[in-house]
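*Asks:* Now for the letters of each chain:
Number of protein chains: 2
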Amino acid sequence: MTAIEMQFVIFRTDYKHKMNNFSIAIHGGAGTLVKGMMTPELEVQYKDALKKALDIGSDILRNGGSAIDAVEQAVISLEDSHLFNAGKGSVFTSKGKHEMDASIMDGKSLEAGAVSLVAGIKNPVSLAREVMDNSDHVFLAGEGAMEFAKFRAVEMRDEAFFYDEFRFQQWQEIKDSDKFQLDHSVKKDSKFGTVGAVACDEQGNLAAATSTGGMTNKRFGRIGDSPVIGSGTYANNQTCAVSCTGSGEFFIRGVAAYDVSCLMEYKGLSLEEAANEVVFNRLKTINGDGGLIACDRFGNITMPFNTEGMYRASLDINGKETISIYS
Amino acid sequence: MTAIEMQFVIFRTDYKHKMNNFSIAIHGGAGTLVKGMMTPELEVQYKDALKKALDIGSDILRNGGSAIDAVEQAVISLEDSHLFNAGKGSVFTSKGKHEMDASIMDGKSLEAGAVSLVAGIKNPVSLAREVMDNSDHVFLAGEGAMEFAKFRAVEMRDEAFFYDEFRFQQWQEIKDSDKFQLDHSVKKDSKFGTVGAVACDEQGNLAAATSTGGMTNKRFGRIGDSPVIGSGTYANNQTCAVSCTGSGEFFIRGVAAYDVSCLMEYKGLSLEEAANEVVFNRLKTINGDGGLIACDRFGNITMPFNTEGMYRASLDINGKETISIYS
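Residue numbers (my numbering), protein chains in the order written: chain C, 1 to 327; chain A, 1 to 327.
Quick caveat, the hints were computed from the structure, so don't treat them as lab data.
Treat the hints with caution; some may be incorrect.
A pair holds if it fits inside one copy or across any two, identical chains being indistinguishable in the list.
Unchecked claim - Calculated pairs, SDA-like style, for lysine to any residue (alpha carbon to alpha carbon, straight line, at most 25 Å):
(1) Lys267 / Glu277
(2) Lys108 / Phe280
(3) Lys97 / Glu143
(4) Lys284 / Asp133
(5) Lys175 / Arg152
(6) Lys97 / Glu147
(7) Lys51 / Ser324
(8) Lys51 / Met37
(9) Lys284 / Leu33
(10) Lys95 / Arg152
(11) Lys35 / Lys284
(12) Lys284 / Tyr326
(13) Lys267 / Phe161
(14) Lys108 / Thr285
(15) Lys284 / Glu111
(16) Lys150 / Ser177
(17) Lys97 / Phe151
(18) Lys97 / Ala119
(19) Lys175 / Glu147
(20) Lys97 / Lys150
(21) Lys47 / Asn306
(22) Lys97 / Tyr266
(23) Lys108 / Glu143
Go ahead and model the full structure; you've got the sequences and the hints to work with.
*Replies:* What follows is the structure, encoded as structure tokens:
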């Protein structure tokens with residue numbers, strides 16, 4: 001038995017005296033409403049939606065379910081909320097449509113699935129899981145991915161399902177401009193709208209999933225980091241599970257999610273040290289704004305962000321629950 | 001001055017006594033024709049095409065041009081050949097079309113551009129460069145990417161330009177089956193058909209580019225590793241430039257290109273050690289077949305592959321030219 005395996009056994013024995021033998025974290029994007037825009041009522045709505053998704057994932061893990069099921073179901077819950085920019089709450093593209101991306105990765109097998117530029121899919125994260133479980137591929141996009149969705153009889157919805165008055169108004173404000181994000185707007189939440197989840201189950205298996213509705217008024221079939229394995233999502237039992245949210249282009253150039261894993265595996269950093277290094281140093285060097293959630297197989301959780309806030313929630317192995325928006 | 005900078009200065013002074021103050025490597029895919037299928041005439045054709053692309057890139061570097069220009073132009077030359085599965089020589093999809101992917105990354109700025117599922121573009125690598133240089137995005141796909149190509153007046157060709165009798169026959173053989181690759185066929189070159197280039201210019205700047213026509217008979221808008229920054233392509237002046245070729249799904253799951261960089265930066269491995277670790281160990285663990293070309297800022301070049309062959313050519317700082325197909 002190696003030192004690392006020994007450490008693992010000690011941990012696995014130890015935490016049985018604690019409240020949980022699993023951990024989970026979720027996020028609803030690092031592009032929160034600026035504090036002045038947030039009302040107490042809205043804050044309650046956001047926190048309720050985060051709590052609901054966290055509970056769904058936690059219940060699966062508490063009942064001995066797998067990390068991969070927990071992250072998928074937690075993300076489905078966030079996709080089904082109109083509050084977050086993913087699934088039902090997706091923003092409008094420049095053509096008034098909804099184009100969604102998602103990915104999922106299993107830390108045990110290093111298997112992964114991702115979809116990009118899909119429309120009408122109720123839960124893009126489940127389509128990503130279908131790609132992982134029932135195709136020879138990892139990454140499908142556009143019409144081809146839609147064909148695969150039909151082939152796998154994935155749940156579809158018409159455009160009305162994805163319509164949201166707030167999202168529509170966001171789009172109306174900028175649709176005739178060349179702007180594709182609201183950098184200088186007070187309604188910043190369209191900028192980094194993403195949802196995600198990471199989990200460690202009682203077997204010590206890790207998983208991560210991310211889903212997004214992209215950027216308001218986006219053009220040109222832009223793909224952000226959310227469906228890119230290594231950038232927006234990564235999971236490996238040997239190191240960590242990571243889901244990112246932020247200015248996607250910078251997370252792609254920084255290969256952000258895998259960078260956390262490499263800093264742990266090759267440089268020996270802890271989960272927290274590695275995640276902080278990526279969010280506060282490496283991404284900042286290339287002007288990358290955003291954050292990430294990550295967990296390791298010892299049940300540690302970290303949720304750093306370099307923006308004003310990040311919708312986030314977690315339940316750690318000590319049974320400590322966190323639901324927060326600002327720092 | 002740090003130790004690394006000192007080493008760099010020493011190197012830069014030192015190599016002036018050598019034949020070149022730059023280095024370049026190119027590949028035409030790790031899915032070569034099996035030895036029995038290769039004729040002396042065909043081998044000459046492949047080597048001539050590799051030599052031509054290498055010369056184009058080398059000439060740019062010899063005249064003080066940038067690594068990013070050298071890799072773009074070398075890849076254009078490979079895309080313009082009907083021999084390699086990229087650009088003009090792209091294979092047929094299940095619908096009898098050509099869907100191409102490409103990416104490019106500048107190691108100095110860490111800027112990158114990528115396109116996926118584009119059709120009718122004469123040189124997808126140049127469209128990727130347009131994305132890098134003239135958009136706010138990194139990764140564009142499908143119809144949106146085509147719209148951007150028109151907006152940037154990128155050179156287009158009609159379907160006849162991409163027609164090749166050999167590729168057409170490859171497709172005919174399997175088009176009514178569910179097969180999307182020729183695992184057990186003697187015509188293996190359709191499997192890992194990719195082209196790529198890496199270079200170090202006289203300023204010590206690194207760049208990498210990769211381009212592919214995908215897999216014969218592919219369905220569902222499959223995206224391989226070629227356009228995925230971190231998986232198929234990566235460049236960083238601090239470490240290396242990498243272009244991969246192989247079973248794309250495994251290179252995505254392994255985040256192969258960035259893995260080489262991380263092994264150098266975080267674990268202190270040399271370019272060759274890092275590339276070998278990825279190709280012969282980490283990718284093999286998840287059954288990933290293929291290879292990669294890589295160079296560092298000291299002008300070192302390595303071109304490992306775990307398949308029977310890899311079309312490849314290089315010119316190193318000592319002026320040594322290599323043009324090879326098998327191991």
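*Asks:* Compare the structure with each hint and give your call.
*Replies:* Hints, verified against the model:
For a Cα distance limit of 25 Å, the shortest separation of Lys267 from Glu277 qualifies both inside one copy, at 12 Å, and across copies, at 16 Å. In this homomeric assembly, Lys108 and Phe280 come within 25 Å of each other (Cα to Cα) only across copies, at 21 Å, whereas the closest approach inside a single copy is 28 Å. In the homo-oligomer, the alpha carbons of Lys97 and Glu143 lie at most 25 Å apart both inside one protomer (14 Å) and across protomers (14 Å), since each shortest distance falls under that limit. For the homomeric pair Lys284 and Asp133, the shortest alpha-carbon distance between copies (21 Å) is at most 25 Å, but the shortest distance inside one copy (36 Å) is not.
Taking the closest pair of Cα atoms, Lys175 and Arg152 come within 25 Å of each other only across two copies (21 Å); inside a single copy the shortest separation is 34 Å, beyond that limit. Taking the shortest Cα distances, Lys97 and Glu147 sit within 25 Å of each other both inside one copy (18 Å) and across copies (16 Å). Proximity of Lys51 to Ser324 under the C-alpha cut-off of 25 Å is restricted to the intra-copy arrangement: shortest distance 10 Å within a copy versus 59 Å between copies. Taking the closest pair of Cα atoms, Lys51 and Met37 come within 25 Å of each other only inside a single copy of the chain (21 Å); across copies the shortest separation is 61 Å, beyond that limit.
Proximity of Lys284 to Leu33 under the C-alpha cut-off of 25 Å is restricted to the intra-copy arrangement: shortest distance 21 Å within a copy versus 46 Å between copies. Proximity of Lys95 and Arg152 under a CA criterion of 25 Å is satisfied inter-copy only: 19 Å between copies versus 27 Å inside one chain copy. In this assembly of identical chains, Lys35 and Lys284 lie within 25 Å of each other by CA distance solely inside one copy; the values are 22 Å within and 49 Å between copies. Taking the shortest Cα distances, Lys284 and Tyr326 sit within 25 Å of each other inside one copy (19 Å), while across copies they are farther apart (44 Å).
Taking CA atoms no more than 25 Å apart as the test, Lys267 paired with Phe161 passes in neither setting, with 46 Å inside one copy and 49 Å between copies. Taking identical chains as interchangeable, the C-alpha atoms of Lys108 and Thr285 lie at most 25 Å apart only when they sit on different chains, with a minimum of 13 Å there against 32 Å within one chain. In this assembly of identical chains, the alpha carbons of Lys284 and Glu111 lie at most 25 Å apart only when taken from different copies (14 Å versus 30 Å within one copy). In this assembly of identical chains, the alpha carbons of Lys150 and Ser177 lie at most 25 Å apart only when taken from different copies (19 Å versus 35 Å within one copy).
Taking CA atoms no more than 25 Å apart as the test, Lys97 paired with Phe151 passes in both settings, with 23 Å inside one copy and 21 Å between copies. Proximity of Lys97 to Ala119 under the C-alpha cut-off of 25 Å is found in both arrangements, the shortest distances being 8 Å within a copy and 23 Å between copies. For a Cα distance limit of 25 Å, the shortest separation of Lys175 from Glu147 across copies, 17 Å, qualifies, whereas the shortest one inside one copy, 29 Å, does not. Taking identical chains as interchangeable, the C-alpha atoms of Lys97 and Lys150 lie at most 25 Å apart whether they share a chain (19 Å) or sit on different chains (21 Å).
In this homomeric assembly, Lys47 and Asn306 come within 25 Å of each other (Cα to Cα) only inside a single copy, at 20 Å, whereas the closest approach across copies is 51 Å. Taking the closest pair of Cα atoms, Lys97 and Tyr266 never come within 25 Å of each other, the shortest separation being 43 Å inside a single copy and 43 Å across copies. For the identical chains of this complex, Lys108 and Glu143 are neighbours neither inside a copy (30 Å) nor across copies (36 Å), given an alpha-carbon limit of 25 Å.
Violated hints, in rising order: 13, 22 and 23; the structure is consistent with all others.
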